[in-house]
Amino acid sequence: MGRYVLRRLLQLIPVFIGTTFLIYWLVWSLPGDAFAGKCGDRPCPDAYVQAMMDKFNLGDPLIVQYGKYMLNVLQGNFGETFRGLDVGELIGEAYPNTIRLALVALAIEAVIGLAAGVLTGLRGRGFLDNLVLVSTLFLISLPVFVTGFVLQITLGFELKWIKTTVSASPAPWEHLIVPGFVLGSLSMAYVTRLTRTSIAENKRADYVRTATAKGLRQRRVVGVHLLRNSAIPVVTFLGTDLGALMGGAIVTEGIFDIKGIGSLVYDGIIGKEGVTVTGVVTLLVMVYLLSNLLVDLLYAVLDPRIRYD
Amino acid sequence: MTTTRSEVDFEETARVPGAPLLEVDDLFVEFRTRDGVAKVLNGVSYRVEPGETLAVLGESGSGKSVTAQTIMGILDMPPGVITGGEIRFHGENLLKASSRRRREVRGSGIAMIFQDALSALNPVFTVGFQIEEQLRLRKGMSRKDARKRAIELLDQVKIPNSKGRVRQYPHEFSGGMRQRAMIAMSLALDPEMLIADEPTTALDVTVQAQIMDLLKDIQVERNMGLILITHDLGVVAEVADRIAVMYAGRIVEQSHARDLYRKPGHPYTQGLLDSLPRLDLKGTELRTIKGLPPSLLNIPQGCPFNPRCPRVQDICKTEVPPQHRLAPGRLSACHFAEELISGD
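Those protein sequences? They're chains W and B, same order as listed.
Each residue of the first sequence is one higher than the one before, counting from 53 in my numbering.
Each residue of the second sequence is one higher than the one before, counting from 23 in my numbering.
In case anyone wonders, no lab produced these hints; they're calculated from the structure.
Ideal placement from N, C-alpha and C gives every residue a C-beta, glycine not left out.
Possibly wrong hints are sitting among the right ones.
[To be verified] To give an idea of the chain B side of the interface with chain W (calculated C-beta under 8 Å), a few residues:
no.: 1; residue: D48
no.: 2; residue: E126
no.: 3; residue: F136
no.: 4; residue: L143
no.: 5; residue: Q156
no.: 6; residue: G197
no.: 7; residue: T310
no.: 8; residue: I311
Turn these sequences into a full structure, and let the hints steer you where they fit.
Take a look at the structure:
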């Protein structure tokens, strides 16, 4: 196991370099003048542009720029925006909101998805099964911005059950329930279907019959023997999804005005703040790669037949 | 509340003194499928006494496993429907018993082992966990005691290095060891009756013999009733006291093992024995039973074996043969049973 983790961590290095370089290159080769509109209505003075070019090494060849940038990042310095704000601090403020939103979304996905999946998987064909199948299909086919705006307008503006925007930072948990539902709704539908199939497939397995033949209670047969096996693909999915959720949700955060990583990236792109965008995406790449590694390790914990050495 | 419950009340329930250990009485089971009603069991009766081995013999689809699953109460319902008959354990009709009572009988009254131990054991739990689980939940044992008992059980089924093995997962066991672990698991609650559903079919021949010897030893030691479901006449000859031959959901012949081998009382049994390869007939063509078992959706009129029977007469096509009592403990469902055993 230890050697496997080490190998995987070593593999992260080339992936990390490759992705971050690509991002750096893409961000700094965006068309348009990065300094347009930075100095009010007039064009920026040459002296300012020159100072900025020096500060951000924009005169160097791209590969050298990237090298200098990465050296700083590796020392924990994400650099400054053109306006002089510390990107590390910006991320530090935004990330807790994204993590909270991600956790709420994951919890909703896991609880509702698993419950609906187990219930329909056990019951088999019938009204409930059809209801869940149709409603998950509906959720899967709805874009997030539709679910988001519809819930914001009905629950927020008309019924006034929720606050329409969150704004506050750090965002209070209870304000994140509806945004979390919006963000997690698609994956929730997947979790439901994945669980349903997995349960339906395993419920006639020989080991389930054995467990019944041992005289165990139905609750234990389902809750321990059946669920433990059926959960393997579901937990793997949830783990990967957590990695994706940690990457921020530009649309959901935008609709509910959550000051998270998604909004930060969006503002960065709009304002041509290359340092912010590169910094955030670099961090997200790390988070995603590590969470994928964790999922693979979790897989071995859940299924003892999988061994990595 | 769910974790411990003493099994005291189990001992006090409706047992009839002097009743046989297990009696299956005129059992009918149907599978209601989209294609129609499959008559899987059509009046199956047999009984097993303590210390006795009953071999249930038959082709695939003859209903031998379904009978066992109905006894255990693990038949898939639907599509299965029990349409008639009784299963009496110490005289108590299990088919009328509450689901709680049935659960109590499972494992501690009647236990079962399955053909493919790899799929019958849960892949994600250790062998020890799967044995201990019953001891903890059904007998209220502590984790430590249950572990000790699990190791003892693994020793009893002659698994070497039981202390290390108890921590391993089923896929880390070889085929034979896995079946031994399965047997250990079935013995955990000291059942009075064990049903072995083709326990050696998935194993290679040398291991088969070891497992059969083990089952026999354990049965004698514990004076358990044993139902051995198999399609292997070779396995049966060595261990069975009595044999029930099943065909199309009926028992066509029931007899002491020796008598059946000496003089089969049903043309189907005769056919099965004739189709065994024999050294003294080496070089000659192997005899088989012509045709296929009938579809259970559409069992032939009269004797279900009539389309394949070499001795078929007109009566066989119209009338279902009754069980003829040929000798004490010997039954045959053939119109010509007497002729079969009296002829040469």
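Hinted contact B:Q156 with chain W - closest CB pair below 8 Å: Constraint on B:Q156 satisfied, holds at 5 Å.
Restraint check, 8 Å cut-off on beta carbons, for B:D48 near chain W: 24 Å, violated
Chain W contact restraint on B:I311 - CB to CB distance below 8 Å: 30 Å, violated
Restraint outcome when B:F136 is required to lie within 8 Å of chain W by C-beta distance: Nearest chain W Cβ about 6 Å off; hint holds.
Restraint outcome when B:L143 is required to lie within 8 Å of chain W by C-beta distance: 6 Å, holds
Per-residue hint verdict: B:T310, partner chain W, C-beta under 8 Å: 31 Å, violated
Restraint outcome when B:G197 is required to lie within 8 Å of chain W by C-beta distance: Violated: closest Cβ of chain W sits about 15 Å from B:G197, beyond 8 Å.
Hinted contact B:E126 with chain W - closest CB pair below 8 Å: 7 Å, holds
Hints 1, 6, 7, 8 from the list above are not met by this structure, while the remaining hints are.
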